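Enquirer: Single-letter residue listing:
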Amino acid sequence: MKIFQNSVNRYHSLSLNKYSPFYEKIDRQFKHVQFSYKGSFDDINLSFINEYIEKAVSENEGSRTNLFRIFVELAQNIAQKSIDKINIQGQFIGVGILLIHQADTYFEIISGNPASVSDAQIITNKCEIINALSFEELRQMKRNYRKMNEGEMGNANIGLIKIALISGSKLNYTIETIDSESIFFTVRIIINK
Amino acid sequence: MRDLIIEKQKKEFYTFPEIYFDAATGICKLEGESFMENAKEFYQPLFDWLNEFHQKESRQKLEMNINLSYYNTSSSKSLYQLIFQLKGFSDGGQPIEINWKYNSIDREMEDDIMDLQIETGISINMISK
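Listed in order, the protein sequences are those of chains A and B. Quick note on this note's numbering: the first sequence kicks off at 6 and runs consecutively. Quick note on this note's numbering: the second sequence kicks off at 265 and runs consecutively.
Read the hints as simulated data drawn from the structure, not as lab findings. Since we're looking at a predicted model, the values are computed, not measured. Glycine residues also receive a C-beta, built at the ideal position from the N, C-alpha and C atoms. Be careful, since some hints might not be right.
To be verified - Covered stretches of chain B, as calculated for chain A (at least 3 residues, CB under 8 angstroms): (1) 265-278; (2) 327-337; (3) 372-384.
Stated by the list, open to error - Chain A is nowhere near these chain B residues, computed Cβ spacing over 10 angstroms in every case: (4) Glu282; (5) Ala288; (6) Phe311; (7) Leu314; (8) Glu316; (9) Lys320; (10) Phe353; (11) Ser354; (12) Gly356; (13) Gly357; (14) Pro359.
Kindly produce the complete structure, drawing on both the sequences and the hints.
Expert: Structural data, given as structure tokens:
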């Protein structure tokens, strides 16, 4: 049964910029997906994406919960960390791309956003450490981070750990150079049904 | 001392839980979904209320009933802070009871409540529903 009845492509009328080819590349690479969104990750658009997820996986509560939780972490990461920003009522909100693919036994959620070149090594280190840890080691790491004050770290570290814990899979990530100032970060997560 | 009452709210994508902290009985309810960008801002009045209750009624039992179907990372840090605050009261001699209802199929939340117990060192009655 095809849960997603229609493919959705909700492109904002965002102006073309140096990041545009990277969004388009991902969209071409994953043209088989049932859901594709590029734009700002503000609360109104997040609400729209969430409605879509709820409809799409309504018959399986466990899968919907996991998909929703991972979507939230990825979306908040884009909203906060993307260096492609648009001004919405005085607030600068991150722009990125998010795709959802459904196969018989799993969902795949893909997110991409540009980030500062200085973040490249930080992202790589985080992902590599998370990928090297066992489930129990990840729980321990989450406990350690949660105890820290806001100033010591952002929520992003816990967010990536949570994604790994919920999905039970490795963070399949890529970092591509855009120019001397920026990189494009993509992560693909498999969520078994 | 006044009760702390915050109605459940949904603002576009974000959801704020229902709060009912009863000053007369010390029975507190935190229920719904806790999903917001800035949890610290939402939870600060809860921390303040609990501190005031502890200062005024340090011998009275405080019962915290949590029933959240979901909380995001930002809320998770505030929940840790709240439980840790209760642990402090407990160490000071105040009777504290924490009851936490969760969905029996929600393995992630079950693990997370257990983790919160390890992190804070206080016992939580986990009630699977």
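Enquirer: Next, verify each hint and record whether it holds.
Expert: We went through each hint and held it up to the structure:
1. 265-278: Coverage by chain A holds here, the residue count being 4 at a Cβ distance below 8 angstroms.
2. 327-337: Per the Cβ count (3), the hint holds.
3. 372-384: holds (count 5)
4. Glu282: 20 angstroms, holds
5. Ala288: 33 angstroms, holds
6. Phe311: 14 angstroms, holds
7. Leu314: 19 angstroms, holds
8. Glu316: 23 angstroms, holds
9. Lys320: Check passes; 28 angstroms lies beyond 10 angstroms.
10. Phe353: Correct as stated: the minimum Cβ-Cβ distance to chain A is 18 angstroms, above 10 angstroms.
11. Ser354: 18 angstroms, holds
12. Gly356: 20 angstroms, holds
13. Gly357: 24 angstroms, holds
14. Pro359: Its Cβ never comes within 10 angstroms of chain A, the nearest being 25 angstroms, so this holds.
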